[in-house]
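Peer 1: With the hints as extra help, turn the sequences into a complete structure.
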Amino acid sequence: MGDKASAQAIKDFLGEAEEIIEKLNVDLVSLGDSAENGDSDPDLVNGIFRGAHSIKGLAGMFGFDDISGLAHQMENLLDCLRLGKVRLSPGLVETLFDGLESLTRLVHGKSEDDHFSLDLNPVLARIQAAANGPGQEDISLSRFGITPEILSVLTEYEEHRLLDNAQRGRTLLRVRATFDLTTFDQELAEISETLKKHGEVISTLPCAGDSADKIAFQLICGSSLGAEQIREKLENTDLVVETLCGGGEGRKSPASQPAAAPRPSAESGGESIPVRNDILGAENGEAGGGSLRSISRTVRVDIDKLDHLMNIVGELVLSKGTIANICQNLKSEGDSSLAGDLAKATRTLERRLHELQQGVMDVRMVPVGQLFEKMNRIVRRVSSELKKKVTLDVRGVDTELDKLIVEDLSDPLMHIIRNSLDHGIESAAERRANGKPEKGTICLWASQKGNHVVIEVRDDGRGIDPEKVRRKAVEKGLVSEHAELSRDQVFDLIFSPGFSTKDQVSDLSGRGVGMDVVKNNISMLSGMIEMDSTPGQGTTLSITLPITLAIIKALIVKVRGNTYAIPITSVLETLMVEASSIKTIERREVIELRNSTLPLLWLDRTFKLSAEPGEGKRHFIAVVGLAEKKIGIVVDELLGQQDVVIKSLGDSLSFVRGIAGAADLGNQKTILVLDVGGLMSEALRGDASFYV
Amino acid sequence: MPKKILIAEDSSTMRALIVSSIAVMGDYQIFEAANGFEALRLLPREKVDLVITDINMPDINGLELVSFVRSNPNYQSTPLIIISTEGSQRDREKGLKLGANAYLVKPFEPDELQALIRQYLG
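As you go down the protein sequences, you meet chains A and B in turn. With UniProt numbering, the residue at position 577 of the first sequence is 577, and numbering never jumps. With UniProt numbering, the residue at position 28 of the second sequence is 28, and numbering never jumps.
In case anyone wonders, no lab produced these hints; they're calculated from the structure. Check before you lean on any hint, since a few could be wrong.
Calculated Cβ distances over 10 Å to all of chain B for the following chain A residues [claimed, not checked]:
no., residue
1, Arg-50
2, Ser-54
3, Met-61
4, Arg-143
5, Ser-224
6, Lys-331
7, Thr-346
8, Arg-352
9, Gln-370
10, Lys-387
11, Asn-434
12, Met-524
13, Leu-575
14, Gly-640
15, Ile-671
Residues on chain B that point at chain A, a partial pick, calculated with CB under 10 Å [to be verified]:
no., residue
16, Ser-11
17, Leu-17
18, Arg-45
19, Met-57
20, Gln-89
21, Phe-108
Computed Cβ-Cβ distance ranges for the label pairs, DEER-style [unchecked claim]:
no., chain 1, residue 1, chain 2, residue 2, range
22, B, Leu-96, A, Ser-648, 55 to 63 Å
23, B, Val-24, A, Arg-168, 49 to 57 Å
24, B, Leu-96, A, Gln-167, 26 to 34 Å
25, B, Leu-96, A, Gly-169, 30 to 38 Å
26, A, Arg-168, B, Leu-96, 29 to 37 Å
Cβ coordinates follow ideal geometry from the N, Cα and C atoms, glycine included.
Peer 2: Here it is, written out as structure tokens:
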């Protein structure tokens with residue numbers, strides 16, 4: 001099969017395998033938490049089993065024997081676990097994590113090269129050893145008052161769950177219900193949810209309803225409540241709850257009668273009434289179609305294809321701009337009727353284009369939850385390696401970001417979290433000694449603020465002493481000994497390239513490792529990172545990112561004859577100020593803006609533009625802000641707003657600071673797009689002459 | 001009229017593989033169900049000529065689906081193939097006892113599936 005499978009099918013497999021692995025990661029973390037408490041949710045264990053089972057089946061189809069072999073061993077161990085043949089323990093969860101780690105590496109490896117493999121023997125041996133538990137006693141289930149009809153459809157796992165519930169002294173109940181065929185899954189889900197709150201749903205057996213548009217179900221469940229109590233919880237008059245066994249009732253008669261008599265077919269279980277089968281065919285008129293129709297209404301798309309689509313949309317946006325310009329020119333040349341028609345057509349085009357752009361954008365948006373799940377795994381692994389106790393508090397998982405931003409964010413975020421674990425969170429003993437709870441907390445919170453997403457990583461570890469940072473920076477020659485720095489400026493030093501050091505002599509040096517790289521990566525996403533810390537209490541890093549990249553609305557400005565674009569999402573307002581209103585405070589130029597002081601950044605000085613200065617009496621200022629901070633960018637002219645498509649400057653120009661990329665204005669003019677985050681942090685640090 | 005085949009399988013890649021194995025055989029109308037519920041909704045509405053199901057599925061397992069199919073007078077003699085990984089012997093026996101006609105072990109060879117479909121649908 002492997003040879004015959006097309007490259008696309010393999011890609012689909014790898015995509016699905018990765019999804020399953022991501023879910024397994026999350027579920028194993030939950031299982032690990034329950035292992036600590038010594039109890040586990042059977043549904044969770046069964047879900048993990050099914051994940052391993054699916055990967056095994058899929059990998060086998062593609063001839064990836066190593067993946068299917070490993071998944072088979074994991075499935076076997078999970079089968080033992082779900083059938084109660086081995087006990088859940090933190091060690092067993094670690095073994096499963098090891099297996100998952102190898103699975104992940106294999107799947108990633110295969111995406112690069114079909115022949116990639118690993119030496120799996122050590123991990124296979126560990127999994128096999130963990131699966132060798134005592135055998136299970138075979139107990140007949142007939143004594144639980146369950147009809148052969150039901151027994152015949154129980155999988156071995158469900159039989160085990162039945163037994164386990166009975167052995168725990170729970171009442172075994174049967175709930176019968178009939179639903180409309182169109183809505184049964186929601187209604188059934190509601191009942192299952194309620195039953196799960198008070199016990200466990202072991203089996204859901206469907207039976208034909210008493211008419212073509214009805215379907216009946218028998219749910220077998222275990223609960224610590226009796227039939228009557230369950231009946232009250234369900235609040236549904238149209239179902240029957242019976243006690244099968246246990247709970248001191250020991251009767252098989254209905255414990256409660258429904259207000260309305262149950263329908264005959266529900267009552268008689270397996271019996272059914274002939275079902276009309278012509279409905280769908282008549283409705284859909286599919287006679288002779290022979291189509292390969294699918295119910296599942298989702299598609300998995302390669303991000304490169306979406307990128308390509310986005311680029312085309314971008315080019316169309318620019319073409320639209322050109323048409324609008326031609327329209328303007330026609331108007332000014334006096335051909336007003338033609339110009340009017342063209343203007344109308346352009347407006348329609350603009351609306352549709354906006355919808356198309358929004359549509360493509362929406363498809364690219366993914367919840368940050370996926371990324372946070374990966375971080376959860378890292379926290380588990382690293383904290384276990386470092387023998388530290390840490391809880392990850394995750395919030396805002398539904399916040400959406402462009403898929404590419406999420407991808408590019410994973411490395412910087414991992415670095416930040418590793419730093420928190422390595423250097424922030426103290427050992428349990430140290431925390432105890434300082435009167436803190438033994439278990440540290442790392443918060444990973446996402447929230448949307450307008451056109452930005454803020455991701456905050458906060459730990460309650462030992463924090464960073466700003467004075468130590470300052471001394472270190474002086475030592476490294478980054479600031480002069482007598483420099484007066486604000487608290488923010490001190491913490492910003494941690495992100496300077498010179499600050500990074502590999503020597504791990506103090507808690508402080510470790511904290512600085514690679515933070516300049518983190519900052520650069522965030523800047524490349526047009527984002528901004530800020531740090532704050534209180535010694536003894538913890539450190540907070542907040543990352544502010546645009547929701548999406550690619551097409552942006554920009555404010556086009558002119559300075560000394562050069563044109564630049566400022567992403568409009570960062571522009572709070574524009575002002576015109578008299579030169580006389582610019583003041584100097586602590587050697588920095590500022591203006592008063594509604595009772596606050598706005599530091600200014602002169603683009604001509606920043607980029608060392610040498611052409612003639614302007615009139616000098618009036619200046620235009622674009623007030624830009626990210627997170628809580630603001631600066632005013634001083635320019636000569638404001639040319640207006642325009643959609644621009646940002647293109648990267650490429651690796652060879654990646655050292656240029658203050659520039660996020662280049663953009664085509666649609667009139668064969670290419671301009672530079674300002675990196676507002678980068679400019680702001682340099683400006684707020686008080687040194688705007690960094691730029692090359 | 002092309003013969004109608006229902007595939008109940010929660011893995012989209014596996015479904016695609018089953019579909020592609022059948023598609024090369026000629027004119028069949030294929031209905032895909034991504035879980036047992038979707039299969040339950042389809043079966044009473046559309047008279048299918050062959051059912052292919054997995055065992056391990058969320059909510060409704062394959063055995064329950066087999067039992068549902070067989071309890072329905074319209075489907076008492078409809079051929080039913082279980083495709084599942086080599087799992088518990090007991091589940092496999094139960095599937096056949098409930099009335100499944102054949103059991104195919106994943107990873108299956110498309111030839112095997114095609115032969116079974118030919119056998120049951122002609």
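Peer 1: For each hint, tell me whether it holds in the structure or not.
Peer 2: Here's how the hints hold up against the structure:
1. A beta-carbon of chain B comes within 10 Å of the beta-carbon of Arg-50 of chain A; the shortest separation is about 5 Å.
2. Consistency note on Ser-54 of chain A: stated as away from chain B, yet its beta-carbon is not over 10 Å from all of that chain's, at 5 Å minimum.
3. A Cβ of chain B approaches the Cβ of Met-61 of chain A within 10 Å, the least distance being about 4 Å, so the stated non-interface status is violated.
4. Consistency note on Arg-143 of chain A: stated as away from chain B, and its beta-carbon is indeed over 10 Å from all of that chain's, at 18 Å minimum.
5. The beta carbon of Ser-224 of chain A is kept farther than 10 Å from every beta carbon of chain B, the shortest such distance being approximately 24 Å.
6. Distance check for Lys-331 of chain A against chain B: the nearest CB is about 53 Å away, which clears 10 Å, and the non-interface claim stands.
7. The Cβ of Thr-346 of chain A sits about 42 Å from the closest Cβ of chain B, beyond the 10 Å cut-off, so the non-interface label holds.
8. No beta-carbon of chain B is positioned within 10 Å of the beta-carbon of Arg-352 of chain A; the least distance is around 32 Å.
9. Even its closest Cβ contact with chain B, about 18 Å, leaves Gln-370 of chain A beyond 10 Å, as expected for a residue assigned away from the interface.
10. No beta-carbon of chain B comes within 10 Å of the beta-carbon of Lys-387 of chain A; the shortest separation is about 37 Å.
11. Listed as a non-interface residue, Asn-434 of chain A keeps its Cβ farther than 10 Å from every Cβ of chain B; the least gap is roughly 47 Å.
12. Met-524 of chain A, annotated as away from the interface, keeps every beta carbon of chain B farther than 10 Å; the closest lies near 34 Å.
13. For Leu-575 of chain A, the non-interface assignment is confirmed: its Cβ lies about 55 Å from the closest Cβ of chain B, beyond the 10 Å cut-off.
14. Its beta-carbon lying about 48 Å from the closest one in chain B, Gly-640 of chain A satisfies the requirement of being farther than 10 Å from that chain.
15. Every Cβ of chain B is farther than 10 Å from the Cβ of Ile-671 of chain A; the closest lies at roughly 44 Å, confirming the non-interface assignment.
16. With a least beta-carbon distance of about 5 Å to chain A, the hint placing Ser-11 of chain B at the interface is held under the 10 Å criterion.
17. For Leu-17 of chain B, the interface hint holds, since its Cβ comes within 10 Å of a Cβ in chain A; the closest pair sits about 6 Å apart.
18. Checking Arg-45 of chain B against chain A by beta carbon gives a least distance of about 4 Å; that is within 10 Å, so the hint holds.
19. This hint holds: Met-57 of chain B has a C-beta 8 Å from the nearest C-beta of chain A, less than the 10 Å allowed.
20. Because the smallest distance between the Cβ of Gln-89 of chain B and any Cβ of chain A comes to about 9 Å, under 10 Å, the interface hint for this residue holds.
21. The closest approach between the C-beta of Phe-108 of chain B and any C-beta of chain A is roughly 8 Å, which is under the 10 Å cut-off, so the hint is satisfied.
22. Checked against the hint of 55 to 63 Å, the C-beta distance between Leu-96 of chain B and Ser-648 of chain A comes to roughly 60 Å, which is consistent with it.
23. At roughly 51 Å, the beta-carbon separation of Val-24 of chain B and Arg-168 of chain A lies within the given 49 to 57 Å, and the hint holds.
24. A C-beta distance of roughly 30 Å is found between Leu-96 of chain B and Gln-167 of chain A, which places it inside the suggested range of 26 to 34 Å.
25. Checked against the hint of 30 to 38 Å, the pair Leu-96 of chain B and Gly-169 of chain A passes, with Cβ atoms roughly 35 Å apart.
26. The hint said 29 to 37 Å for the Cβ distance between Arg-168 of chain A and Leu-96 of chain B, and at roughly 32 Å that hint holds.
Comparing the model with each numbered hint stated earlier shows that hints 1, 2 and 3 do not hold.
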